[in-house]
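Trainee: Protein chains in written order, with this note's numbering: chain E, 2 to 336; chain H, 2 to 336.
Keep in mind that the hints were calculated from the coordinates and are not lab data.
This list has only true hints and no planted wrong ones.
Treat identical chains as interchangeable: a pair holds within one or across any two.
Listed next, the in silico SDA-like pairs over lysine to any residue satisfying Cα-Cα at most 25 Å (straight line):
1) K280 x H269
2) K280 x A296
3) K280 x W270
4) K280 x F258
5) K280 x E292
6) K280 x L144
7) K280 x G230
Please read these numbers as outputs of a predicted model, since none were measured by experiment.
Okay, here's what each chain looks like letter by letter:
2 protein chains.
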Amino acid sequence: MATVAAAARAAQSAAAEAHNKPRGPGVRTAAVIGAGTIGLGWTALFASAGLTVRVNSRRADAEAHVRRAFELYAGSLPGGPADPEALFARLEFEPDVARAVEGADVVQENAPENLALKQELFATIGAAAPSHALLLSSTSTLLPDDLGARMTDPGRLLVAHPFNPPHIVPLVEIVTGRRTGPRVVEEAMAFYRGLGKTPVVLRRAVPGFVANRLQSALLRESIHLVREGVVSVAELDEIVISSIGGRWAAVGPFRAFHLGGGPGGLRHWFEHLGAGLEKSWEGLGNPPVDEETVATILSQAEEAFGNRAYEELAAERDAKQTRVIGAVSGPKAEA
Amino acid sequence: MATVAAAARAAQSAAAEAHNKPRGPGVRTAAVIGAGTIGLGWTALFASAGLTVRVNSRRADAEAHVRRAFELYAGSLPGGPADPEALFARLEFEPDVARAVEGADVVQENAPENLALKQELFATIGAAAPSHALLLSSTSTLLPDDLGARMTDPGRLLVAHPFNPPHIVPLVEIVTGRRTGPRVVEEAMAFYRGLGKTPVVLRRAVPGFVANRLQSALLRESIHLVREGVVSVAELDEIVISSIGGRWAAVGPFRAFHLGGGPGGLRHWFEHLGAGLEKSWEGLGNPPVDEETVATILSQAEEAFGNRAYEELAAERDAKQTRVIGAVSGPKAEA
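So here's chain E without its partners, still in its complex pose:
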């Protein structure tokens, strides 16, 4: 037992030292664990940034699967349309997890949301990846302390939760564990910023993190309004696109309300509307997600966009969202 403890301490001390060394020549090789929707998006983004990407998937058709995805994604990469074959040439396929992370500078894990599975994966990854490697999980529900429970050095593991599709949507929510070192956070921030992402570190972890909680709050009221027959699914989408969507793409909710308050700003806004806020929240809906509700929404959704193929709708979303992001973050000097 003493030997195990001593070995663990030595490993932790070596790891702590690794955390304090500068990264050196930067990230060259990334391992992507899992080739579902999220893994595929990261793979495309990493490849488009010039990294060598090890794709770890147990799918027998992994190569064909990624190739098909790249055909779809290559047109909407942040740096502009890319040649899918040139991106594909940066990939290496490795079905064994330990071999996939050998020599990797960054590991981005995208396995199904199963804690036991991810704990086992991170135990393997932690043992096989170089000591300087950033170990990043795309989980949307699990926390670093739980994910790293079976690792010798959980201090270099972080949650780095992207939004779908990760090669387009800028946000990466960074969630730290009790043992995460500040240098690891800095390195992860530098890595994602270098890819053109917008990483934001949560000050503390909450279930669902931030963006999905906000999304869920809006969805609750959306379902309520459709259920109550105030608007249809298509009308609700149209309302959001033509009002708060465009507003929140340009400025966040707090700045929007600050400006809504006129020259007196958020203070004036709270003075005039603050008292009514709690009351207005009481009037918001809390719909049941029962069979009837789901049937109503599915039938209206079918009418709204059921006649168009997934690939076509996804490509349209990606193209529009890419243009929106460019409109906000791009050069201000357009005529």
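Based on these hints, arrange chain H on the given structure of chain E.
Mentor: Chain H only, in chain E's frame:
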């Protein structure tokens, strides 16, 4: 009493006839009642569309006030930057409500949210405006049946609720009353569509209408997350801009979740996540809007954007939001 009832019937019958007549040469003259933020936005938009605009305001400095606003707005009009002086030349200032609406094809009312005040205004407007005129209220809280309670013919009054700033944000929520004729709704839709707006008719009225309810739901969770110390005001804005903002500018929430479900669409999404939805909603916040909460938000907001002037921040918002709207609705054929 019989005479009054007969006169009312005759007036209603004449009004019904007016509703069924085609509009003829279209809208040439609009009266804008009130020159607050919303009235100013409508004035700029109407003028930029080539209408003659009667501005009704009791402000002694109404002309100088509108001129200042036009300097700010002229750069972010939907048709591209305009010459503020050319827009200004389309205005007529008339402090008397009855005279302002004489001969107007459209009246857009933007008085303070005071029912008695608006009822009196619409009684005056209904008596003085031509029988074919569309009578539109920008109210965000009151209903047509209440607004028209003192009118002889409330059937041509509609709520047409814009989002701030109305010359930029496309949405107009159309809310009808019990006596609103279908032709009036069609004419209002045609009028706003002709201005490049996105009018959406609510199937039934609910307090706060739709967009403000959705906004309020997201704000509740935003305040909760700041209050709980998960993120700061600035971080929350950054998260929204870089994730759900851009997403909802491109596709609405239902289509986004439909695509989030992959090729199986919304049906697959509900099968996998539907059961967890109600549970996740239980975990959302319901913060008090007490002194401490407001103080926390104001102090963080001060730090985030308190060092910049309202006009500068508003101009930046307007420019960004105009680019976002162009990115989604503009020609698809950009390289």
